Amino acid sequence: MRARDVMSRPVVSVDTRTGVREAAAVLAEHPFSALPVVDDGGGVVGIFSESDALRIEPGQDRLVTEVMTSPVEVVGPATDVRVIAERMLAGHLRNLPVVEEGLLIGVVTKHDLIRTVVRDDDVVKAELRHLLDDYAGSRRRWSLEVTNGATTIEGDFADIAERDVIGALARTVPGVCSVELIATEPTPLTWDD
Amino acid sequence: MNDEQHVVVAGVSPGERREPMVRWAATEAVSRGARLRLVAAVPPHPVPDTYVRSGVADLPATAHCVLDRAGRYAVSACPGETLARLSYESALLVLGSRGRRRPTATLFGSVGRTLIHHSACPVVVARSRRS
Chain A
1 MRARDVMSRP VVSVDTRTGV REAAAVLAEH PFSALPVVDD GGGVVGIFSE
51 SDALRIEPGQ DRLVTEVMTS PVEVVGPATD VRVIAERMLA GHLRNLPVVE
101 EGLLIGVVTK HDLIRTVVRD DDVVKAELRH LLDDYAGSRR RWSLEVTNGA
151 TTIEGDFADI AERDVIGALA RTVPGVCSVE LIATEPTPLT WDD
Chain B
1 MNDEQHVVVA GVSPGERREP MVRWAATEAV SRGARLRLVA AVPPHPVPDT
51 YVRSGVADLP ATAHCVLDRA GRYAVSACPG ETLARLSYES ALLVLGSRGR
101 RRPTATLFGS VGRTLIHHSA CPVVVARSRR S
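Top to bottom, those sequences are chains A and B. Heads up: the first sequence begins at 1 in the working numbering, then just goes up one per residue. Heads up: the second sequence begins at 1 in the working numbering, then just goes up one per residue.
Check before you lean on any hint, since a few could be wrong.
[Claimed, not checked] In silico SDA-like links for lysine to any residue, alpha-carbon gap of 25 Å or less:
no.	chain 1	residue 1	chain 2	residue 2
1	A	125	A	184
2	A	110	A	184
3	A	110	B	61
4	A	125	A	149
5	A	110	B	116
6	A	110	B	69
7	A	125	A	114
8	A	110	B	89
9	A	110	B	65
10	A	110	B	48
Source of the hints: derived by calculation from the structure; they are not laboratory data. Keep in mind that this is a model prediction, so the values were computed, not measured.
Could you put together the complete structure from these sequences and hints?
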């Protein structure tokens, strides 16, 4: 999954002529913790966060450009969400503006990333089923159970190596938190005659 | 926020000989145990993957790890100013030579000139062998 799949759009941003007071009001009205500051050409020149908003003293107003964080770390639309998560953790960031050809096109927030981790069990199950079918062909089936990301795979495994492969495959599916593998006796072949 | 001793900043330019600079910066970041930040010295920004990935295939895995995690920054109108601001929270700035013919023009291009006056940390110009 990439930045363009998870980012918030449209972006609420402010321009370089905005006052801190006005920008703080915009922040208060929206569920974002920071606003990108863009210049007349649409380029991101900084980010104005809740903590920047608190720097203003009562009775005084300043331009956002005087208090914003600049320069700002950004990602491209094709950046993988895992890379984004790593950069957010490494840089203690809560938002990353998404920039294409110098223009602001979206923002990825920690919330957007959390949504990719917490996925609907049925979606996870369908994706895992697809993956296992690709691996073994649809003739061999394991029974799957996904509850809040806890995944149980039950069936006949050819050997320990295959068990490990299936466990590893399952863990690559976004939304899978844990994997339990239960081996059952192979079903004897029967003929209906 | 970031411990400035653990950040190396590289000003990446789309000039033809950028590889030595990216290689040098990534290797230096590894030896310092530092995080790498990439700033496009000339738009487009953020620094595209193609700029970072060319000519580094033979670097060790640790350097690739640093490159993968490198933060990429938006440039404002003036990249020299952007780099100068980052220098206050960084241990080292790395610039490329941009492959111009005269070394003096190289070292003292507009970005380089701004930085020798305004950088708060040491500045390294990583030149390619041919330049």
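Hints, one by one, checked against the model:
1. A:125 / A:184: Distance ~20 Å between residue 125 of chain A and residue 184 of chain A Cα, so the pair holds.
2. A:110 / A:184: Roughly 41 Å between the alpha carbons, so the hint for residue 110 of chain A and residue 184 of chain A is violated.
3. A:110 / B:61: Not OK: residue 110 of chain A and residue 61 of chain B at ~28 Å, beyond 25 Å, violated.
4. A:125 / A:149: Status holds; Cα separation ~9 Å.
5. A:110 / B:116: At roughly 37 Å apart (the allowed maximum being 25 Å), residue 116 of chain B and residue 110 of chain A break the hint.
6. A:110 / B:69: OK: residue 110 of chain A and residue 69 of chain B at ~17 Å, within 25 Å.
7. A:125 / A:114: holds, 19 Å
8. A:110 / B:89: holds, 24 Å
9. A:110 / B:65: holds, 22 Å
10. A:110 / B:48: It holds: about 23 Å lies between the C-alpha atoms, which stays within 25 Å.
Consistency note: the structure conflicts with the earlier hints numbered 2, 3, 5.
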